[in-house]
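Residue-level listing of the chains:
Number of protein chains: 4
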Amino acid sequence: MTLSAAANGVFAIAPTPFHDDGRIDEASIDRLTDFYGEVGCDGVTVLGILGEAPKLDAAEAEIVAKRFIKRAGQLQVIVGVSAPGFAAMRALARTAMEAGAAGVMIAPPPSLRTDDQITTYFRQAEEAIGEGIPWVLQDYPLTLSVVMTPSVIRRIVMDSQACVMLKHEDWPGLEKISALRGFQRDGSLRPLSILTGNGGLFLDFEMERGADGAMTGYAFPDMLVDVVRLSRSGARDQAHDLFDAHLPLLRYEQQPGVGLAVRKYVLQQRGVIASAAQRKPGATIGATAKAEVDYLLARVARVDRRAALSRPHAAE
Amino acid sequence: MTLSAAANGVFAIAPTPFHDDGRIDEASIDRLTDFYGEVGCDGVTVLGILGEAPKLDAAEAEIVAKRFIKRAGQLQVIVGVSAPGFAAMRALARTAMEAGAAGVMIAPPPSLRTDDQITTYFRQAEEAIGEGIPWVLQDYPLTLSVVMTPSVIRRIVMDSQACVMLKHEDWPGLEKISALRGFQRDGSLRPLSILTGNGGLFLDFEMERGADGAMTGYAFPDMLVDVVRLSRSGARDQAHDLFDAHLPLLRYEQQPGVGLAVRKYVLQQRGVIASAAQRKPGATIGATAKAEVDYLLARVARVDRRAALSRPHAAE
Amino acid sequence: MTLSAAANGVFAIAPTPFHDDGRIDEASIDRLTDFYGEVGCDGVTVLGILGEAPKLDAAEAEIVAKRFIKRAGQLQVIVGVSAPGFAAMRALARTAMEAGAAGVMIAPPPSLRTDDQITTYFRQAEEAIGEGIPWVLQDYPLTLSVVMTPSVIRRIVMDSQACVMLKHEDWPGLEKISALRGFQRDGSLRPLSILTGNGGLFLDFEMERGADGAMTGYAFPDMLVDVVRLSRSGARDQAHDLFDAHLPLLRYEQQPGVGLAVRKYVLQQRGVIASAAQRKPGATIGATAKAEVDYLLARVARVDRRAALSRPHAAE
Amino acid sequence: MTLSAAANGVFAIAPTPFHDDGRIDEASIDRLTDFYGEVGCDGVTVLGILGEAPKLDAAEAEIVAKRFIKRAGQLQVIVGVSAPGFAAMRALARTAMEAGAAGVMIAPPPSLRTDDQITTYFRQAEEAIGEGIPWVLQDYPLTLSVVMTPSVIRRIVMDSQACVMLKHEDWPGLEKISALRGFQRDGSLRPLSILTGNGGLFLDFEMERGADGAMTGYAFPDMLVDVVRLSRSGARDQAHDLFDAHLPLLRYEQQPGVGLAVRKYVLQQRGVIASAAQRKPGATIGATAKAEVDYLLARVARVDRRAALSRPHAAE
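These protein sequences, in sequence, are chains A, B, C and D.
Those letters in the first sequence? Residues -1 to 314, by the numbering used here.
Those letters in the second sequence? Residues -1 to 314, by the numbering used here.
Those letters in the third sequence? Residues -1 to 314, by the numbering used here.
Those letters in the fourth sequence? Residues -1 to 314, by the numbering used here.
Check the hints yourself; a few may be wrong.
No copy is singled out in the list; a pair is fine if it fits within one copy or between any two copies.
[What the hints assert, rightly or not] Listed next, the in silico DMTMM-like pairs over lysine to aspartate or glutamate satisfying Cα-Cα at most 25 Å (straight line):
id, residue 1, residue 2
1, Lys288, Asp242
2, Lys64, Asp242
3, Lys288, Asp19
4, Lys278, Glu60
5, Lys278, Asp55
6, Lys278, Glu124
7, Lys68, Glu24
8, Lys288, Glu125
9, Lys278, Glu173
10, Lys288, Glu60
11, Lys64, Asp157
12, Lys278, Asp114
13, Lys288, Asp184
14, Lys278, Glu125
15, Lys288, Asp235
16, Lys278, Asp40
17, Lys288, Glu206
18, Lys64, Glu124
19, Lys64, Asp40
20, Lys68, Glu125
21, Lys64, Asp239
22, Lys278, Glu24
23, Lys288, Glu173
24, Lys278, Asp157
Don't read these hints as lab results, they were simulated from the structure.
Produce the complete structure using the sequences and hints provided.
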């Protein structure tokens, strides 16, 4: 089943699990995929920035994407196909869709500056991957340094046949969601799924502004699932209560650079992946940081028992 | 009394209060200064980035600095003197010190890239302002795009006669504090006060890593004062409890771009400044955002009564 | 006489002459101004990027601008008023116009990215300096990192009451001139003077594409005057012959960073300014570079006797 | 024969020839390779930035590299292996060396800022490609936005077993060559071949500062070969005379963005490649620009008959 503008809920951004020596850990891919399904995710996004995609060569990227897709079951899989050139983007997009992906995700290259450069890029990208492949527009200025106004996003979507979703991670971004939903109310923008990123740091209010859910990699996707559900059902205070209980840890995990190391460490503590290793160049966290995370987990666990990790880890 | 490497506690980063029409609001400067003293701050930093310093002309900058200094009483006043050139930097630094400032703060210009460019710049800056003026090194890569390793900071400090404080706001930055304190333990770095910024987003752990306090503009400096005190007294859990209660609001206020609008709105709600106006170009917050802030304030108030604002504001 | 969209010819970008100890050299300002008039310039632009404007404090900037204006005679003087904030921009613009400037020049701050950010900035800048002051739009992406499409330039000009000139220094930029002139042919852009910069590196073809002249600081403005005149009179080959004879030196002088040091050195050799000193931070050229420049001057002098400098300089 | 620190002369940066429809044009690769050999080049560098390497997928990159290598005869082939991650870099480096490449070239990723980040990156890159592969360090701040001081280059080279050449294209860069040669004179830097890029814009003086030759893509490598030879034999004036005759065209070809379109157009006019097509996203040159290039060619031909192109092209 391919991705549509009606998509909603939680799409987990998956890290790529490696063995300590840097080889791809396929067993952990399977376990991670199962985990996302079990906690109630609707989809999983692989080979994103967080997924260390640029550190894989072309053959490895295919292997990883196919492994997630094969295991995914009911989960929709979105494959990040951002690449320095369209040939590589097309090759991976085709392979992924043939293997059963629900759609692909495209981020703009950092060199784009003007509105026209940005809209032209996405027109060419859609042409490159070929007709009929649903794709997700990634809007992530903090990391990509490409700034898209709501109007530019509207132009991209309205120019396109197949852009069905926005991965929203502008920062700040609440007004952007309101602006895009306003465009839809005035009839100038067609239906578009908006899932929000930024580690979930503003998920509480993003839902209230009109987001359809989250696409982010916080190591407790189960919390994201609950907050999205509570918020959509109108249980505002409960949504915030649960969100706020996690916020100290979520904030810690959302740090640029070291965030992935924290996330892999927590997923490892939760028993989901075997190793927290990253490929070079990658950040690591030392004993002090691990103790800080453990302290935060214990504090979260006072409200959310899922953070009470039964698996104690060895000292460094 | 001039600033020294023994400085600690909370130095509030002061916004510059304007009337709705953009004129400087001197009565609000006085009230704001008094407020910082009443809530227990040790100092106040004026004409920083947050203080809209670049929007003032040279004469206005002097007026603002002198007004804060005159009112400050026991508070130490640090004046931001960052400028595109050394002549303007020197002029403001001299004026500020003559008026009674405790020290000045210098941020690097965004064009600096290599280690040598950075260390040379600060050597020239110190020479420009003249001997004997204690100064604060601002390390804020997210906004300034200048990246200083711990070793470069050490070179700057050890080259300098008068650099007594680091305004730490690298992000992530916990390991940087640990690295600098490690340099001091191994004897390669002389005493240096480290106050942390970034809106206070990591103050809880920054204190535990060895920070001497906070220099940031969160609209509840009273909370910052308490967390710094609790943390220094070893009351770890209480420090985190109070910090966590404020974190949802603090995070909201720390958004780039709109953060200052939120902060001025809260300070206005607290009755400290008369208007939330910024000079152009500036962000504003609309009714939805104000309602979000009010909701967050009400939630904070369940734990910290200081957030229960008695002064209801009119609807927009 | 104020600047209009009919302006053409050569506007020299003036360096700011300093004494060796960094003080402003007013006698050299006078001599430099006279020189520009004698060689046939139509105007002079002061306090630009090349003019080390950011290294002057506010009072000094006024002194420099007024000195040039007072001496200018028939030359139209454009004053660079770019500043981090509108208050400083307004103050200098008012002072300059009252002293007799023909207009002011405004460059965008490097933080601008989207088309809307750019057009909004110039609308606010025009509002800030006040009605009726003719201004020059500076388009210099290489240094300022702000990219304006021809359409954005059109929006800025058509939104404005008083933007009468484009300082064109996009690189590459030939197609941009053609595009803007095309807009005028199709009636969508009102009259606009286009003077080109970039050290004159493409002046030969820029004239053929429709530029009205040059606004740049090459140390032989006499050559620029001749090339503009030859090109406008249809003497294409002669224009290129003269231009090409200077190109090796012009290229050498157009190097970022050290270019100003070369330029001041040549102007000093020509007897126009007393010292080649720059304020810190500034580049210097050593003995090898000076010898390279001398060699290039000697080669130019085979075709253009004005480059045969009679004033030998002492060895370092 | 693998690359060594004794390498000198001219290494042409090869464009990748495409058919009009974007397919790789292998016949033109062969003709281009032959051409470089016939005009006296010592080597050829393929899959560089100019070679549109990021627009090829991994399989295509291998095909292109192997085709050049197979045809190269006496020419040493350097393969650009810069990649967003080490896995892709390693894969291409291994393939290239097995196919007979003389070495590989590595550019830093744009995200690197501090001296330590830069030196660490190249240490990891060398480790990734594996021992014993000679590599070229590319120093190209204008495009890559990574600034390396001479000291950092020295650290990289002295840390490395296998870095044998610097592709020097800092701008300005003359003093950098002098600084590096000074390091060698004082014994702190081991032997290192320095070939200069930047389209050859400063080749005349770069040779005099101590460069070993050129590595650049100017469409008249025959001129580069002559200038390098003349300069090394001490025929200074002749070297400059020939260089200066080409400079107007060389400057035109060195424009960022459109330069490659000009270069491919000239190579097509010279009968070396069949089509000037680039893959998207790519610049094109229109009728006016082509006529400008033709005019420049005719002017060069007055001094250098090789620019008198016998093959007239059809009007657009």
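For this session: Hints the structure violates: just list their numbers, smallest first.
Result: 2, 8, 10, 11, 16, 20 and 21
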